[in-house]
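Using the sequences and the hints given, assemble the complete structure.
Number of protein chains: 2
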Amino acid sequence: MKDEIDQEEVAKRRGIYFPAFSIYGGSSGLFDYGPYGSLIKDNIQNIWKEMIFSEGPVAMLDSPALTLQNVLKASGHYDRFFDYSVQCKSCNTKFRADDIVESLGLKVILDRDYLNNIIREKGIKCPKCGGEFDDVRIHKLMFQVDQGENMDPLFLRPETAQGIFVNFKEFYRFFREKLPFAVIQIGRGYRNEISPRRGLYRLREFNMMECEVFLDPKDEKWVKEPYDDVKIHYLTNKDEDLFMTPKEAYEKGIIKSQPLAYFTGFAFKFYSRIGLDVNKIRFRQHKKEDLSHYSSDTWDAEALTDIGWIEITGIAHRGTYDVGRHIEYSARDLYAQRLVEPHKEKKIELEPNFKEIKRDFGDKAGEIIKAINNGNSTVFLNNKQISLEKYIIRKEVEVTVDRESFVPIVVEPSFGLDRIIYALLDHNFDKREENGYVYLKIPPQVSPFVAGVYPLFPKEDLEKVAKDIYQKLLNDGFKVIYDDSGSIGKRYARYDEVGVPFGITVDYDTLKDSTVTIRFRDTTEQIRVSINDLTSKLRELLWTGKKN
Amino acid sequence: MKDEIDQEEVAKRRGIYFPAFSIYGGSSGLFDYGPYGSLIKDNIQNIWKEMIFSEGPVAMLDSPALTLQNVLKASGHYDRFFDYSVQCKSCNTKFRADDIVESLGLKVILDRDYLNNIIREKGIKCPKCGGEFDDVRIHKLMFQVDQGENMDPLFLRPETAQGIFVNFKEFYRFFREKLPFAVIQIGRGYRNEISPRRGLYRLREFNMMECEVFLDPKDEKWVKEPYDDVKIHYLTNKDEDLFMTPKEAYEKGIIKSQPLAYFTGFAFKFYSRIGLDVNKIRFRQHKKEDLSHYSSDTWDAEALTDIGWIEITGIAHRGTYDVGRHIEYSARDLYAQRLVEPHKEKKIELEPNFKEIKRDFGDKAGEIIKAINNGNSTVFLNNKQISLEKYIIRKEVEVTVDRESFVPIVVEPSFGLDRIIYALLDHNFDKREENGYVYLKIPPQVSPFVAGVYPLFPKEDLEKVAKDIYQKLLNDGFKVIYDDSGSIGKRYARYDEVGVPFGITVDYDTLKDSTVTIRFRDTTEQIRVSINDLTSKLRELLWTGKKN
Numbered sequence: 001m002k003d004e005i006d007q008e009e010v011a012k013r014r015g016i017y018f019p020a021f022s023i024y025g026g027s028s029g030l031f032d033y034g035p036y037g038s039l040i041k042d043n044i045q046n047i048w049k050e051m052i053f054s055e056g057p058v059a060m061l062d063s064p065a066l067t068l069q070n071v072l073k074a075s076g077h078y079d080r081f082f083d084y085s086v087q088c089k090s091c092n093t094k095f096r097a098d099d100i101v102e103s104l105g106l107k108v109i110l111d112r113d114y115l116n117n118i119i120r121e122k123g124i125k126c127p128k129c130g131g132e133f134d135d136v137r138i139h140k141l142m143f144q145v146d147q148g149e150n151m152d153p154l155f156l157r158p159e160t161a162q163g164i165f166v167n168f169k170e171f172y173r174f175f176r177e178k179l180p181f182a183v184i185q186i187g188r189g190y191r192n193e194i195s196p197r198r199g200l201y202r203l204r205e206f207n208m209m210e211c212e213v214f215l216d217p218k219d220e221k222w223v224k225e226p227y228d229d230v231k232i233h234y235l236t237n238k239d240e241d242l243f244m245t246p247k248e249a250y251e252k253g254i255i256k257s258q259p260l261a262y263f264t265g266f267a268f269k270f271y272s273r274i275g276l277d278v279n280k281i282r283f284r285q286h287k288k289e290d291l292s293h294y295s296s297d298t299w300d301a302e303a304l305t306d307i308g309w310i311e312i313t314g315i316a317h318r319g320t321y322d323v324g325r326h327i328e329y330s331a332r333d334l335y336a337q338r339l340v341e342p343h344k345e346k347k348i349e350l351e352p353n354f355k356e357i358k359r360d361f362g363d364k365a366g367e368i369i370k371a372i373n374n375g376n377s378t379v380f381l382n383n384k385q386i387s388l389e390k391y392i393i394r395k396e397v398e399v400t401v402d403r404e405s406f407v408p409i410v411v412e413p414s415f416g417l418d419r420i421i422y423a424l425l426d427h428n429f430d431k432r433e434e435n436g437y438v439y440l441k442i443p444p445q446v447s448p449f450v451a452g453v454y455p456l457f458p459k460e461d462l463e464k465v466a467k468d469i470y471q472k473l474l475n476d477g478f479k480v481i482y483d484d485s486g487s488i489g490k491r492y493a494r495y496d497e498v499g500v501p502f503g504i505t506v507d508y509d510t511l512k513d514s515t516v517t518i519r520f521r522d523t524t525e526q527i528r529v530s531i532n533d534l535t536s537k538l539r540e541l542l543w544t545g546k547k548n
Numbered sequence: 001m002k003d004e005i006d007q008e009e010v011a012k013r014r015g016i017y018f019p020a021f022s023i024y025g026g027s028s029g030l031f032d033y034g035p036y037g038s039l040i041k042d043n044i045q046n047i048w049k050e051m052i053f054s055e056g057p058v059a060m061l062d063s064p065a066l067t068l069q070n071v072l073k074a075s076g077h078y079d080r081f082f083d084y085s086v087q088c089k090s091c092n093t094k095f096r097a098d099d100i101v102e103s104l105g106l107k108v109i110l111d112r113d114y115l116n117n118i119i120r121e122k123g124i125k126c127p128k129c130g131g132e133f134d135d136v137r138i139h140k141l142m143f144q145v146d147q148g149e150n151m152d153p154l155f156l157r158p159e160t161a162q163g164i165f166v167n168f169k170e171f172y173r174f175f176r177e178k179l180p181f182a183v184i185q186i187g188r189g190y191r192n193e194i195s196p197r198r199g200l201y202r203l204r205e206f207n208m209m210e211c212e213v214f215l216d217p218k219d220e221k222w223v224k225e226p227y228d229d230v231k232i233h234y235l236t237n238k239d240e241d242l243f244m245t246p247k248e249a250y251e252k253g254i255i256k257s258q259p260l261a262y263f264t265g266f267a268f269k270f271y272s273r274i275g276l277d278v279n280k281i282r283f284r285q286h287k288k289e290d291l292s293h294y295s296s297d298t299w300d301a302e303a304l305t306d307i308g309w310i311e312i313t314g315i316a317h318r319g320t321y322d323v324g325r326h327i328e329y330s331a332r333d334l335y336a337q338r339l340v341e342p343h344k345e346k347k348i349e350l351e352p353n354f355k356e357i358k359r360d361f362g363d364k365a366g367e368i369i370k371a372i373n374n375g376n377s378t379v380f381l382n383n384k385q386i387s388l389e390k391y392i393i394r395k396e397v398e399v400t401v402d403r404e405s406f407v408p409i410v411v412e413p414s415f416g417l418d419r420i421i422y423a424l425l426d427h428n429f430d431k432r433e434e435n436g437y438v439y440l441k442i443p444p445q446v447s448p449f450v451a452g453v454y455p456l457f458p459k460e461d462l463e464k465v466a467k468d469i470y471q472k473l474l475n476d477g478f479k480v481i482y483d484d485s486g487s488i489g490k491r492y493a494r495y496d497e498v499g500v501p502f503g504i505t506v507d508y509d510t511l512k513d514s515t516v517t518i519r520f521r522d523t524t525e526q527i528r529v530s531i532n533d534l535t536s537k538l539r540e541l542l543w544t545g546k547k548n
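Protein chains in written order, with our numbering: chain A, 1 to 548; chain B, 1 to 548.
Honestly, the hints are just simulated from the structure, not real lab data.
One or more hints might be untrue.
[As the list claims (entries may be wrong)] In silico DSS-like links for lysine-lysine, alpha-carbon gap of 25 Å or less: (1) B:Lys269 - A:Lys467; (2) A:Lys178 - B:Lys464; (3) A:Lys537 - B:Lys390; (4) B:Lys390 - B:Lys355; (5) B:Lys49 - B:Lys169; (6) B:Lys459 - A:Lys472; (7) A:Lys364 - B:Lys128; (8) B:Lys441 - B:Lys49; (9) B:Lys472 - A:Lys269; (10) B:Lys247 - B:Lys287; (11) A:Lys490 - B:Lys169; (12) A:Lys224 - B:Lys459; (13) B:Lys178 - A:Lys490.
[Claimed, not checked] Part of the chain A face toward chain B, derived, beta carbon under 8 Å: (14) Leu39; (15) Phe53; (16) Ser330.
Yeah, the Cβ is synthetic: ideal placement off N, Cα and C, and Gly gets one too.
Structure representation (C-alpha cells):
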C-alpha cells in the first residue's frame, strides 16, 4: 500500500513542503518548508547539533552565503564547478548533457568533446520535442551576484565548507592549537542547476549540515574509536556488499582512514535516531575514477527511496587540499604545528629581496614579503599567479627546532538536509491496513508537534478545559496544536498524516475525574492519564515513544 | 571603565564575530559569527522561538532567499527599495546622500532633487578627500542574481516577510481558517548597502527574526491582552517620554492597535530574558512623515549603545497593504473570510466576458478569467498592469450571504538579530574594578558554553577526572568546554571574557572527596559541589544563575 503514497502530493497538500512563490508560477528548484516541514527540519537540525557537539572538540561557524570571488578561485569552484548542458534548438529546453547520455544507457565521461561526439554520433534528439540539440556547452553552477560598478562579483556559496576553511586559524586558536577538532556549519548552499527536479532532490537553494574535521596527517585519528555496536551496509568500490561494524571496516582496511570509518558510524546513528529506516541505508565507496582529484577515499551514505538510492551524505577524505589551497591563494599562514624532539638543523632561510620586490611591486610589496615569510613559492595577485623564486634570497643557517609546521588534512561529513527529509518522509509514510489512511510514523522528537489537544465535541465546557491544557503545555515548552473542528476521527487522521505522535482528547469524563485520553498515532491505542501527570507523561513519551 | 571596552576588538580577538573572508581582504558588510558568537546567536534564536511559539497560534515558514522578481514588484521593493548615493569624483568613494546631508546637521528630505540641490548649494565636499561630488544617483539596494539566458533575474530577499505573505492562504488553511494567527521566519536578508559600517550595525547579509500577525480588521486583537506587569519607555511621535505598561499605553490610546501594544510588551520581555539592559530600551513611535505610506503606526524598539540609540526591532502596523498587493499582482484569492448573519443581498455579479478576453489575450485568457472571478479590477501581465473593466459583464442577482471576504491586516514585529547581538554585547561587557579584566555578564541561557571544565594543574590524575566530568556533561547535553592550558586564573579570565558563567575546577580535594569547585563569573565567588550533583546543579544554575 505504501508504494501508492505520493510524497510530494501529501507534502504539498499538508504544508510540509511545496514549491516556493507558487502564486506567481513558482521557480524550479526553489521550495518552501511550510508549517509542518519547517518544524521537522528544525528538529532534525537540533538533534544533529546535539549529537555532534557531544563529540567534544566541535565548534560552530556562521558565515555569509555571499562569498568573495577569490575564495572560490582558491577552492577550485570558480574554474571547475560546472555541468555540461545541451539545449534543444526547437523547444529551447536545456538538459544536462550527461543526464541525456546516461538516460540512454550510454557510458558517461565528463568531457565536453566526448559528450558532444556521442550526441552527434548517436543522433540523440530532445526527449521533450524530438528536436535537434545544439552543441554541448559549459553551464556554470554558481550564482553570480552583482555588487555594483568597479567591483568583483560576489557568488552565492556552493557549500558552507569554504567559510570554515578560510577561518581555520581562528578555530585552531580556539582549540588551543590542538588537533583533532571539528567545525560545523548549518546553512544554505546554492547551485544553479540546469534541470532541478523531483521536489527536494535537486534544489537550487538547499540546506546543508557540514562538518570539517581537521587532523594531523601523522596522527589521523578522531577522539573516539569507530563504533562496534552497529552493523552497517558498506558497498565497496569493488562492488562488494559488506555488512560489518565501523570498527571492523577500519580494522580490516575496508576504510583506511580512522575518522572516515568513525563518521560512517556517526551518520548511521544519526539516521537511526531521526527515524530513517536503517535497513535502507548503505555507504557506497566512490570508485577510483569518480573521486575528486584531491580525495583518497569517499563514502556516500545513500538511502533507498521511491526514486532509487539517493545520496544523503558525503563523507570524504579531502587530504590537505582545502587548507593547502587557501595557504597558496591567500599567502597567509594557515599551518598547524606539532611538537618534535628539540634538535639542531641546518636550514635554508628564505629572505625577501626587498629591493627587487619594491621595484617590481611598488605598494603591493608588503603582500609579497608576507607571502615569502609564510614560505609560499607563488602568490596570487590581481588574479594572476606569480612565481616568487626571483625575489627570494637563500641563506644557510643552523637553528634549534622544536616544532614543525604542517598543513592539516580534512575529513568532511557533509549532510544534505533536504534529501534527508525526503528520505525520512519516504521511509515513514505508511497506510493503515484497515482503512487506507496515511500516517507518518516519525519519532516524537522529530515530529512537528508533540501532541494535538482536542475537545471531543464542540461544546463550551470541553473546549475550555482543552484550551487550558493546550496553554499549559505551551507554557511547559511543548509544541502542541489545538483543534476543535470536525469529528474526532477526522482530527486524528489529520494529524496522523503529518506525524503528530499523540492525541490528547478532552471528553465528558474529563469534567468528572480530570483525566484525558492519550491516543497513539502508530497503534491507535489509547490510555487514560490524569491532567496533572500530562507534562511528565509527555516528557517520558517524547523520549521512549512507548505507552508504558 | 566600561566605556573603554571596544566591542569589535574583543569580538574579533575572541572569535565572537569578525569580518568574513579576512584572509582575502574581506568584504565590507559581511561578517562571520565565530565559535562563541554562533552559539550566542543560536541561543537567542532558540529563546525567541520558544517564547513566540508559546503564544499559541504561531507557525513557522522556511522559504528561499532567492526570490522571484514578480514577488518584489508586488511588495514594492523592486521600485522603491533604493538609497540616494553620491560618489566623489576624485577618490571614487560612494556615500549615502542623506548621510552626507545629515552629518552636517542639515534637514534631510528623501528626494533626489532636494539632496542634489542642497549638496550643490552648500558646496558639500567629500569628507574623505575633499573632492567634488558627482550628481546624486539612485542606488538599488537589492542584490540581483543572474539565473541564465532568457530568464528574469532573481533577487536576494531584502526581508523574510514576503515568503510569508505569498503563503498567506497556506497558513490560513493550517489554522483552520481562523484569525488571528502569526507566522514567523528566521533567516537571512540582504541589502547592497552603499556604506556598510560599524560591524554588525549595517550588514549586507543579515539575520532577522520576523513575525507576521494576521488579523481581522473588524476584530483587531491578538490572543492575549497587553502586559500589565512591565513598565516601558515609550517615546511618542510628539516627542513625549512616557513610562507605562503596554496595557496602559493601549487603554490610554497611546498605541491604538491592541496587537501593536501587545508586541511592544513581548519584545520587552524577550530583551529582558536574553539579558539586554531594559533601562536602555525605548520604543520610539515613527513620526507621521516618516511612516511608510501603508502604515498607520510603527514603533521601533531602540537600544542605547556606544553608537547611540539603534533600532533593534520594528513593530509596524502594515494595514492590508501586504496581502492586498499580492492579491492584486498575483490575481489569486488570498482573502480571509468571516461569518455574518445569513441574509439576502442584491448583488452585482461580475462575469468575465469570455469572447472579448479570448480575442484580446489568447492563451493568457485563463489568467484574466481567474482574476475577474477573484474580484480583481486590474491584473499584472507581462510586467504591465491592465485594467479589466472592459472585460467584465455586470448582472444584478439576489443571493443568500453568510460570510464575507476581507483582506487581513498585518502587524509585524521584525527583530534584527545582529543588532540585538550588538546591543547585548554593549550592555553586558564590563570590567572588574579590582583588576580591569573584561567579563561578559550575559545570562547562562545565552552564554556560548554553560561551563568550562579545568584541571587545576596540568597533572595526569587531575586531567583524567576533569576529562571524565567534561564528557559526562557533554553526554548530558550541556555545551561545555575543556581547557588545561595556562594558569587557572588565566583560564577563568579567558572564559569570563566570552560570557561562560560557570567554571568547574578539579583539584587535589577532588581526588579525595569527589567534589569540585564551581566558580561564578559575575561575582568570582566559588562553591563546592559533589561531582554526582553537578548535572542537577548546572541545570538549576542555568535557569536561576544564582548560587543557591
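We went through each hint and held it up to the structure:
A C-alpha spacing of about 24 Å is found between Lys269 of chain B and Lys467 of chain A, which places the hinted pair at or below 25 Å, so the restraint holds. For the proposed pair Lys178 of chain A and Lys464 of chain B, the alpha carbon gap of about 17 Å is at most 25 Å, so the pair holds. At roughly 64 Å between alpha-carbon atoms, Lys537 of chain A and Lys390 of chain B are farther apart than 25 Å, so this suggested pair is violated. Our distance criterion of 25 Å between C-alpha atoms is met by Lys390 of chain B and Lys355 of chain B, whose separation comes to about 12 Å.
At most 25 Å may separate the alpha-carbon atoms for a hinted pair to count; Lys49 of chain B and Lys169 of chain B meet this at roughly 23 Å. A distance of roughly 50 Å separates the Cα atoms of Lys459 of chain B and Lys472 of chain A; the hinted pair therefore is violated under the 25 Å criterion. Annotation: proposed proximity of Lys364 of chain A to Lys128 of chain B holds, straight-line Cα distance about 22 Å (limit 25 Å). Restraint check: the Cα-Cα separation between Lys441 of chain B and Lys49 of chain B comes to about 23 Å, which is no more than 25 Å; the hinted pair holds.
A C-alpha spacing of about 19 Å is found between Lys472 of chain B and Lys269 of chain A, which places the hinted pair at or below 25 Å, so the restraint holds. Annotation: proposed proximity of Lys247 of chain B to Lys287 of chain B holds, straight-line Cα distance about 22 Å (limit 25 Å). Between Lys490 of chain A and Lys169 of chain B the alpha-carbon distance is near 21 Å, which keeps this suggested pair within the 25 Å criterion. Under the criterion of a C-alpha separation no larger than 25 Å, the hint pairing Lys224 of chain A with Lys459 of chain B is consistent with the structure, at around 22 Å.
Between Lys178 of chain B and Lys490 of chain A, the direct Cα distance comes to roughly 18 Å. Compliance with the 25 Å bound is thereby established for this hinted pair. For Leu39 of chain A, the shortest C-beta to C-beta distance to chain B is roughly 6 Å, which falls under 8 Å, so the interface hint holds. For Phe53 of chain A, the shortest C-beta to C-beta distance to chain B is roughly 6 Å, which falls under 8 Å, so the interface hint holds. Restraint check, Ser330 of chain A versus chain B: the minimum CB separation of about 4 Å is within 8 Å; hint holds.
Going down the numbered hints, you'll see the structure goes against 3 and 6, while the others check out.
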